[in-house]
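J.: The chain contents come next:
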Amino acid sequence: MAEMDTSGGGGHKKGPGVKKGKKLSTRVDLTPMVDLGFLLITFFVFTTTISQPTAMRLALPDDKVKPEDQNKIKQSGALTILLGKDNNVFYYEGELALDASNFKSSNFKDIRDEIIRKKQQADTNLVVVIKPNDESTYKNFIDILDEMSINVVKRYAVVDISDVEDQLIRRTEGEPVPQQ
Amino acid sequence: MGRPKIARKSTIVDMTAMCDVAFLLLSFFILTTKPKPSEAVPIQTPKSVANKFVPDKNVLMISLNNEGHVYLSFGDNGDDRAKKKSALEDINQRNNLGLTSGEIDALAKQPFIGTPLAQLKQQAHLTNDQITAKNLPGIPTQDTTNNQMTEWIRAATTAYAGGHMDLILKGDNIAKYPVFKNILTAFKKNEQFKFQMVTNQANVPQGTDLYKENMSKKPV
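These protein sequences, in sequence, are chains A and B. Position 93 (the first sequence) corresponds to 93 in our numbering; numbering is contiguous. Position 36 (the second sequence) corresponds to 36 in our numbering; numbering is contiguous.
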C-alpha cells in the first residue's frame, strides 16, 4: 500500500486568482502490481526449465546377426503390431492365420490395454514385433515405442512389413491394392 | 468495557520496494532465457515419456521435416565445428566436389546442410537468411539407391573417430515412415546402432507399469 503522492508541491501560487487550491491526494495501492510481477516471474521460471527437449533412446539390431537367432521367439508370446495410415493400428497374436482370422484393428488408446493383457498372459515370453507400413507417420512410430516404454516391454523389434500384411492393411483401410 | 485500548500503530506497508524487486527478478529471467532460435527447419516433434535430456555437445543432428526433407547439422560449439570442417573436407575429397577452402569454411559456419552433394557448392554461397527449409531441398534419402545420408554419416564417423559422437534424430509428427527407414539404413550401414530421438516431454500416464516403477524408485 505504497503512497504515490501526486498532490503536487502545495503552496505554489500559479497565477492570478487560481482558486483550485484543493489538494488531491491519490494513493495508489501497488499490491496488485506486485502480484502481477511475481506471476510473470513464476511463468518465466517454469518455461525455461520445461522447454528442454528430451531424447528417447533407440538401439538398432545388427543386421549381420544370423537370421536363425532371430526366430527364437515363442509364438505364444509374440504380439505383432502393424501401423497403417491415418493413425490406424492393427495387431495379431502369434502368427498371422492364413485366412487372417486373428487380424484385429485397434487405435492408439486401446492398444495399451492389449499390450497389458498380452503381457499378463505371456509374462517373460512377451515379444512385441512392430511393423510400420509406408503410410504410417513418424509420430505413430514414436507413439508405439513410447507404449513399449510405458508398459515396460523389455523385448521388442522393428521389422519390415511383409507384402501379405501390407495388402491386408490396405484392404482393411479400403484402399485399392497397388498393382505390383 | 474497561479494557485499556492499545495504541494502534499504522499497518500500512510500503510496497514500492517489493515492486522494484519483483520487476528486477522479472528482467533477470527474461534476459537469461535463451531467445528461441527462429527455426530454419520448423519441426513439430512428437511427445514421449522419455526423460533423458538431449545432449548439445559432440552431436550430429538429423532433422526430418513434415515434407520428408532431411537436413544435417553439427553441434553449435568450436569442437563440433572443427569436426564439421574435417567431415566436409573428407566429403569434398571422396566425391570430387571441387570445393575451395573458402567454401568449406562458409559451409562449416552455416547452421545446417540441406542439398544433394552436387549442389553443395551453391549452398556455400548462400547467406544465413536464405538457409531455410523452404529454400533447400534437403539431402536425398528418398530411395535406397541414392541414399546420400550414408555418405554423410560415414564422413562424420571418421571425423569423430576416437571420440564420442551422439546421433540425434529430430523428426516431425507427420513425416512418413519410409524416409525415416532410409535414415536408419544409413546409420546401420555405418555401424551406428545407437541413436536418440528428440521428443517433447510428456508425463507418464498414471497406473501403468512405468508409473509404478518410477514411484517405487522415488525414495532415493
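No wet-lab data here; the hints were simulated from the structure. Just to be clear, a hint being listed does not mean it is correct.
To be verified - Mimicking SDA-like on lysine to any residue, the simulated pairs with C-alpha atoms at most 25 Å apart in a straight line are:
1. K139/A with K217/B
2. K217/B with K131/A
3. K47/B with N125/A
4. K176/B with V45/A
5. K85/A with N200/B
6. K85/B with R154/B
7. K188/B with K119/A
8. K139/A with R81/B
9. K119/A with L210/B
10. K131/A with Q142/B
Quantities reported herein were computed from a predicted structural model and do not represent experimental measurements.
J.: Hint by hint, note whether the structure agrees.
T.: Hints, verified against the model:
The straight-line distance between the Cα atoms of K139/A and K217/B is roughly 29 Å, outside the 25 Å bound, and the hint therefore fails. With a C-alpha separation of about 33 Å, the suggested pairing of K217/B with K131/A is violated against the 25 Å cut-off. A distance of roughly 29 Å separates the Cα atoms of K47/B and N125/A; the hinted pair therefore is violated under the 25 Å criterion. Taken as a hint, the K176/B and V45/A pair is broken in the structure, with Cα atoms around 36 Å apart against an allowance of 25 Å.
Restraint check for K85/A and N200/B: the C-alpha separation of about 22 Å stays at or below 25 Å, so the hint holds. Between K85/B and R154/B the CA atoms are separated by roughly 14 Å; this keeps the pair inside 25 Å, and the hint holds. Proposed proximity of K188/B and K119/A is contradicted: the alpha carbons are some 30 Å apart, above 25 Å. Straight-line distance between C-alpha atoms of K139/A and R81/B comes to about 31 Å, which puts the hinted pair past the 25 Å bound.
Note on K119/A and L210/B: the hinted pairing holds, with a Cα-Cα distance of about 13 Å set against a maximum of 25 Å. For the hint linking K131/A to Q142/B, the alpha-carbon distance of about 19 Å falls within 25 Å, and the restraint holds.
In summary, the numbered hints that this structure violates are 1, 2, 3, 4, 7 and 8.
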